[in-house]
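Engineer: Each chain, written out:
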Amino acid sequence: MTEYFELEWQKFQKTSEEAKLAFFQKEGRIFDILFARQFERKQLDFLSNLATKIRLVAKRKEGADYLRRLLTHKKAMLYFVQPSTRTYLSFLNACHILGIKTSDIRDTFTSSEIKGESSYDTIRTFSSYVDVIISRHPEKDFNQKAAWLLNSTDRPIPVVNAGSGKDEHPTQALLDIYTLHRSFEHRGGIDGKVITMVGDLKRGRTIRSLSFLMKEYKNMKLYFIAPKHLMIEEDLRSFLKKSRIEFYETDNFASVIAQSDAIYMTRIQDEHDNDKEKTQSSYDDFSFTYEHLSILKKDAVIMHPLPRRNEIDVRVDSDERAVYWRQERNGMWIRAALLAYIFHVEKSILDV
Amino acid sequence: MTEYFELEWQKFQKTSEEAKLAFFQKEGRIFDILFARQFERKQLDFLSNLATKIRLVAKRKEGADYLRRLLTHKKAMLYFVQPSTRTYLSFLNACHILGIKTSDIRDTFTSSEIKGESSYDTIRTFSSYVDVIISRHPEKDFNQKAAWLLNSTDRPIPVVNAGSGKDEHPTQALLDIYTLHRSFEHRGGIDGKVITMVGDLKRGRTIRSLSFLMKEYKNMKLYFIAPKHLMIEEDLRSFLKKSRIEFYETDNFASVIAQSDAIYMTRIQDEHDNDKEKTQSSYDDFSFTYEHLSILKKDAVIMHPLPRRNEIDVRVDSDERAVYWRQERNGMWIRAALLAYIFHVEKSILDV
Amino acid sequence: MTEYFELEWQKFQKTSEEAKLAFFQKEGRIFDILFARQFERKQLDFLSNLATKIRLVAKRKEGADYLRRLLTHKKAMLYFVQPSTRTYLSFLNACHILGIKTSDIRDTFTSSEIKGESSYDTIRTFSSYVDVIISRHPEKDFNQKAAWLLNSTDRPIPVVNAGSGKDEHPTQALLDIYTLHRSFEHRGGIDGKVITMVGDLKRGRTIRSLSFLMKEYKNMKLYFIAPKHLMIEEDLRSFLKKSRIEFYETDNFASVIAQSDAIYMTRIQDEHDNDKEKTQSSYDDFSFTYEHLSILKKDAVIMHPLPRRNEIDVRVDSDERAVYWRQERNGMWIRAALLAYIFHVEKSILDV
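Protein chains in written order, with the numbering used here: chain S, 1 to 352; chain G, 1 to 352; chain R, 1 to 352.
Treat each hint with caution, since some may be false.
One copy or two, it doesn't matter: identical chains are merged, so the pair holds either way.
Claimed, not checked - With a Cα cut of at most 25 Å, we get these calculated DSS-like pairs of lysine-lysine:
(1) K347 with K61
(2) K347 with K59
(3) K242 with K202
(4) K26 with K59
(5) K53 with K166
(6) K215 with K11
(7) K61 with K26
Source of the hints: derived by calculation from the structure; they are not laboratory data.
Same shape as in the complex, but just chain S (with noise of 0.2 Å):
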């Protein structure tokens, strides 16, 4: 970035909290989507329903027609300079349902940064050709400052953060929550449920998303299960505390599963760790095995953000309770509706 746009930059990020989600609306709605915490509870409710409609409609040939003829003059950019096959798939597969036309950049070695170009001038080049950027991007504050760039310019048009560095992956706390939404439909929804969140709770950035949403509903018990040196941090506790969040820490999985209404599984993410006497194998104790099926609830569901390596045993799988392979399809069907909102016709599609 240039050193003018540096300069605006910080003074930018010196705002208060508020006045930045502020920045990042456009007539009282959300217009670019950066953060977990831009969602309150009518939104996620909102979002939830929609994807479900959109499901249901794309079920039969006509519907799938109906829905993909709304967006056929919109034009979506996949910036994809960190790779992640699944999020790629389901973003590109929600343009599709919407009949939204797509170009992807899915390397920086086509790029013309090569050739000296600021990354300000590259995002606006993107935005001449079409009408929403959806990025994933190595760099913290990358997206958000795409979006912030984008926005002093005459042509903004939308930043959807698709997952930036280790901090905010806003789609991915959005499918999780429509995960929980969809599970609890007919079980008086997500409020009063108890949700244990299990592995990698200091660097997953899943569970810490998911976990600052919880305060937009009622009720809730949380069990963060970790070994010790993986433990959530003390901002996200202070923040459930503050919160007045009901929620306890122990490294017994075993203790909770029969009362768990959703066990949240993640990956100890230790490809990068020094330590190395720390393997897989001492990991066992946050795994759900076989047999912790027949402790679980008869109703209550299993989550995983994917992608998974020994957390789950396989044979789990074929389980109804477990839902991670639901709730992967259902990041595409989130992505749909926030994509449908984000042009305005969601109401063209409930009215279906």
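Model the placement of chains G and R on the given structure of chain S, informed by the hints.
Structural biologist: Chains G and R alone, transformed into the frame defined by chain S:
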């Protein structure tokens, strides 16, 4: 693949040939497209006629638009981790013809494999977003395994083998059959024709698949022309004898040209040969030269699976008996026919 | 390329300029888009007006849908073995606008070249599946050769040169002309205007193409502003003299800003310069600064082919005379116009 699935897979591998072919069917139709030997005469004729119908209907804009609307609600995954321009483009454009939306992964770096995911999970992930997986993979068994795994889930989708290692490449066999079918349409069909296959008969999988399929036709006469060390292998020889197909092996190409109805040239695949003494020029006797055109029958055809090196003089290209470029296009039409069959819209096409 | 074709190609190369341009025409229309000099004033005006019509029609959903249905039966190949985000995205989205289905090859590793295939065969292969090849290639003559080769087959399809080496980039010239056309639409058109070109005039092919096209316009006045070692080359100088176009060369940028109607900035392409003493800052005199805005005519325009480095202060971007971002979008519109022309649907657009 996880240990659990590996054991189950080994069990499956030990079942009979018949049981295997049945496993990859649903409701009396071929579901997964994995082996050339899945196709019987009836299906070969049917798909050939369907391909021709698609080709003719697509000539006019209204026809092309009719075809393109048939499968607008379907999504395909093109998983091509082994490079193949020709097969990739052919399948992609076959999808375009029928309005199927596509996602593609063309290298392994964008995949989740680096995060330690099993290939089982990768395939299930793909299946979450699409309705068919078209896969080309260097591992011999990969595509078959993928189909087998998906059939054990509650959301099985068909897998199309677009080439797996040196083993099977069923849609290449289909396009070869379709090219013979089209070439002899006004000469009584394929039955009773003399087919000469030239070049690397040991390693070329196209030759093997095509030869095996010859048992579906009557009164065929086959010539195999190759240097001794590249001649067909014993298993094919036994098969031909058992199937009572008339065939001859020789290294004298010139002697059979005049009596051939189709000459199928192939590339000597010596890229990785250690024996550097066998240079390309030492294979000159297994090339189709400009001079050969004068002794070739007036209504014979020259085929080649492509890519070629020096096996066919480029000046032959403009002779109307050279059908290898048409053969390449036939690949697109027969793949479109196959996709139409997979998604049960063949009737909507034939009734046009 | 095989020896046979190489000899034929050399023969073709020796034909007259006139014969060459005629060779790339069919039925009195330009067929292959290879050189900026293929376009005469009449065509430049026609394509500019067509681009404007497309741009206006696409503003409304019904209009966008009308355009998108025009070429649903056509398929394009984007062959971009030389990286170029901008040109790639521009062509891809131009295809999207008209409903053309696309296939792309963006690196050489996925190609059959590794199997020893000639580039002639590669191009013929592409032509088997699609209706137009849009090609960007580092070799100077590649695209021209490709067009020439396909014209000798029984299934010729047009080739569009999307940049070949340092030589020709005709669609960049078209978009520059279109930008001037649009900018001076209400000021009597391009004729009689003062155009100032700044920067690397020796290596920049955009400058060369645009300067050559200036002979199609009346009473032009050109200023070339560059450091001495990057000034225009003798062949362009001779051309301008012969064509009686008024032009001046100087290194004093400031002196001509006030009288310019268009200022065309370009990047100093010193990425591969050995002379490391010439740093970017030594080219400061060839930059458009924020202060320059105050001496620029009220209705002048600032252009740039992009990507830029420091030649234009980012604060200039928000001035309404800065049209380089619009110029970038113009590239998409004029390429859509060109594709509409290639496939003979221009009348269906102009009659809307």
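Engineer: So, for every hint listed, does it hold in this structure?
Structural biologist: Hint check results:
In this homomeric assembly, K347 and K61 come within 25 Å of each other (Cα to Cα) both inside a single copy, at 20 Å, and across copies, at 17 Å. With identical chains, the CA atoms of K347 and K59 are at most 25 Å apart both within one copy (19 Å) and between copies (21 Å). In this assembly of identical chains, the alpha carbons of K242 and K202 lie at most 25 Å apart only when taken from the same copy (19 Å versus 66 Å across copies). Only between protomers do K26 and K59 lie at most 25 Å apart by alpha-carbon distance; the minimum there is 21 Å, versus 33 Å within a single protomer.
Within a single copy, K53 and K166 get their C-alpha atoms no closer than 32 Å, and across copies no closer than 46 Å, so neither meets the 25 Å cut-off. Taking CA atoms no more than 25 Å apart as the test, K215 paired with K11 passes in neither setting, with 30 Å inside one copy and 50 Å between copies. In this homomeric assembly, K61 and K26 come within 25 Å of each other (Cα to Cα) only across copies, at 21 Å, whereas the closest approach inside a single copy is 34 Å.
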